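**Q** Given chain G, work out where chain A should sit, using these hints.
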Amino acid sequence: MINIYLCDDEDRIRDQIQSEIEKKILIEAYDMCVAFSTNSPKELLEASCRAQQKQNIYFLDVELKDAEYDGFLLGKELRRIDPHGTLVYITSFQNLAFRTFQYHLEAYDYIIKDPKKQRDSIGKCLESLHVRLRQETNAQISEVYTVKIGDMVKYVPLKDIICFETTAKSHHVILHTKSSRMEFVGNLNEISRQMGDAFIRTHRSYLVALDKITDINLKNNSLMAGNVECLVSRRMKSELLKRVGRRGTPEEGERGWLPVPFPKCKEP
Amino acid sequence: MNEVFLWMLAVHIMDVLISYSIYGWYLFDITGERVQFQKLGKFILFSGLSSGSIGFVLLYMSTLNDVAAYMISSVITLVFSAAAVTFLWRYDAWRAFTISCVAGIFQVSCGAVIASVVAHFLAQTESLLLFYAVYFICYLTVGAVVSLILKKMHFSRLIRYFLEKEQTLWLRAAGAFVLEMMVEIFFVLRRQLHSETIITYNAGVVLLTVLLVMILLYMSGKEESRRKLEYQESLFMQQQIYVKHLEQMQKEMRVFRHDYKNTLTGMYLYAKEGDTQKIQEVLERLEIDFDQKIGEKIHAATQIGNICMPEMKSLVLSKLTKMNKNEIACRLEVLYPIHSFGMDVWDYNQCLGILLDNAIEAAITQTEPYVELQLVYEGGYFTTRVANPWEQEADLAHMWKEGYSTKGEQRGVGLSNYKRILKRYPQAVSVTSCENQVFVQELTVPV
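Here the protein sequences line up with chains G and A, keeping their order. Here the first sequence stands for residues 232 to 499, numbered as in my numbering. Here the second sequence stands for residues 2 to 448, numbered as in my numbering.
Just chain G, same shape as in the assembly:
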């Protein structure tokens, strides 16, 4: 049962949205229910803190007139309390500043206040939520690496990480995935400890995911992982070859972030 929380300071609109949501849930027999509805952001935050169950769905008004919390700040605070919750914003203008919400808060979607479009909007939103939440299992949620950039927290699935690289800037590390390159404050030694055996520190400046290594060029002291060229120090060459060889069968490699098992019994 997934709990839905509602916050909008226009009571009539809020009640209407609540009844639309409940109708949709009933028709489609979703495993959801509206657990809490309020016009005060503070009350919502308290309720959310108290709630035992997290990963809830929150429908929030974009333009809350509260002195302390507007839509964005409320969403930010909720993210802190319930990092894996789903945020849906209620707006009266289509697309009003939605990208900022979507990007900084990872807001899932928005619905429109206009009574004519409301039902459709809510219906579509709940449908896609239903599908998405079914797909996500607990296991998947834990397989992310958390990157803190400025005020934001980004989640990078572990299986997407190609390597970590130090930069000329002190205390900063670059995270490479197939489709992105993120700079953040970090320390390669700590990250190395965190990531465990699925990653290998081939060089003072590079921490590479074992299963992403496609090409090793020892003469050049480098290797290719994904499309990133990483350096290999002389010291690590033999260790690198050992651990890459140890990766063994494709099924093992597919385990992604799980530590490579010590194949003591499998050694010739």
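Mixed in with the good hints there might be a few duds.
[As the list claims (entries may be wrong)] In silico SDA-like cross-links for lysine to any residue, where the CA-CA straight-line distance does not exceed 25 Å:
| hint | chain 1 | residue 1 | chain 2 | residue 2 |
| --- | --- | --- | --- | --- |
| 1 | G | K347 | A | D276 |
| 2 | G | K348 | A | A272 |
| 3 | A | K43 | G | F329 |
| 4 | G | K385 | A | V448 |
| 5 | A | K298 | A | L236 |
| 6 | A | K402 | G | R435 |
| 7 | A | K424 | G | S436 |
| 8 | G | K344 | A | K294 |
| 9 | A | K402 | G | M455 |
| 10 | A | K43 | G | S453 |
| 11 | A | K40 | G | H402 |
| 12 | A | K424 | A | V448 |
| 13 | A | K262 | A | E288 |
| 14 | G | K385 | A | Y382 |
| 15 | A | K245 | A | E225 |
| 16 | A | K323 | G | F329 |
| 17 | G | K409 | G | Q333 |
| 18 | G | K400 | A | K298 |
| 19 | A | K424 | G | V416 |
| 20 | A | K424 | G | R435 |
| 21 | A | K298 | G | Q333 |
| 22 | A | K294 | G | R330 |
| 23 | A | K40 | G | E460 |
| 24 | A | K262 | A | A272 |
| 25 | G | K400 | A | A301 |
| 26 | A | K298 | G | F329 |
| 27 | G | K400 | A | R35 |
| 28 | A | K229 | A | S157 |
| 29 | G | K307 | A | H300 |
| 30 | A | K40 | G | T398 |
| 31 | G | K355 | A | N437 |
| 32 | A | K298 | A | P370 |
| 33 | G | K468 | A | Q39 |
| 34 | G | K347 | G | K307 |
| 35 | G | K400 | A | P427 |
| 36 | A | K402 | G | D446 |
| 37 | A | K420 | G | K355 |
| 38 | G | K344 | A | T277 |
Calculated directly from the structure, the hints in this document are not laboratory data. Nothing here was measured: the structure is a model prediction, and the numbers come from that model.
**A** Chain A only, in chain G's frame:
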């Protein structure tokens, strides 16, 4: 082999090593970078070896007189150093030559002072070893001291505008060359010194160097104020356009209000008649009308209005204009007012300009051109996000290299400039990604 010859060779090699190390060190001070010993080593090897050996040949093995040999080898030194700077520091030829000359001014004047002082005080000594040992030690010490002074006064920043100006590069290179030659002449004159004139001589060298540096700084300052003036003029123009835009909006608001009042009167009549159907229809039309006519413009103006720094506002406005001209849809979101943050606004403008230009040029080639710009100033950080559609692959590892471009030859300096500017702001972090056919560049700076 002739012992004297070997001795002279050894001294010459030491001299070259030390003077080129100092010279290289000054190059770092002028370009404003931290000393990288690998680069320094390569520089010493390349230009030291080449000009050092040519100098040796000219001085000791040719029939030219000393002064002529020295002057020729100085020019050769400058040329070789300029070549080294071009390769190692990635500057273009004229700028590299200018930088070499400026570094040369400092290095030669140091050398002149040291050489004359040491020659004066150790004129009586028999031991050549002592003489040269003291000479080299003094040279190194004074070189280090001057380098420290240059760093502390942020010489690289002061001279930045002198180097960055695009036009008449060759003129300034020639100017720097002339200034450097003046110091060289002084250096050569030291041989004619008598012991009484040593103080006058050194005072002269120092004075000349200071004078030359002040000339450079003056020209640099002029360029900086010229640029600021240019910026201010464009800022003014942008604000004029902005004000016209706002006035236009005001007019449209007045017209809308007039229509609105009429509509309300009509609705009142419908209400009296109890015709709720008609009322609903009118209300619907009203909302669509509003959104179409004014809503978008108000939204855009509010977002721009949130940019409280006039320089940034001006830049965003000019890029919006560029997008409009190229029929690229723009989504601008500025949720919270933007005030000052941990980066010089001109540097930030340059960075944002580069990102937006890249986004615009990329978006034009796509089937559905748009550019998104989000500026989020909240929670102690200021985040800039620029996104555009991109249907192909993006080479995230190599796109930062100078000369890399998807747009053809002679391009590809934007992102390397971007990186160079950001090097001065270690607190700023950037994220680049290309997922789901959207290319995104972000920059986060603490407030």
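**Q** Which constraints among the numbered hints does this structure fail? Numbers only, ascending.
**A** 3, 15, 18, 25, 34 and 37
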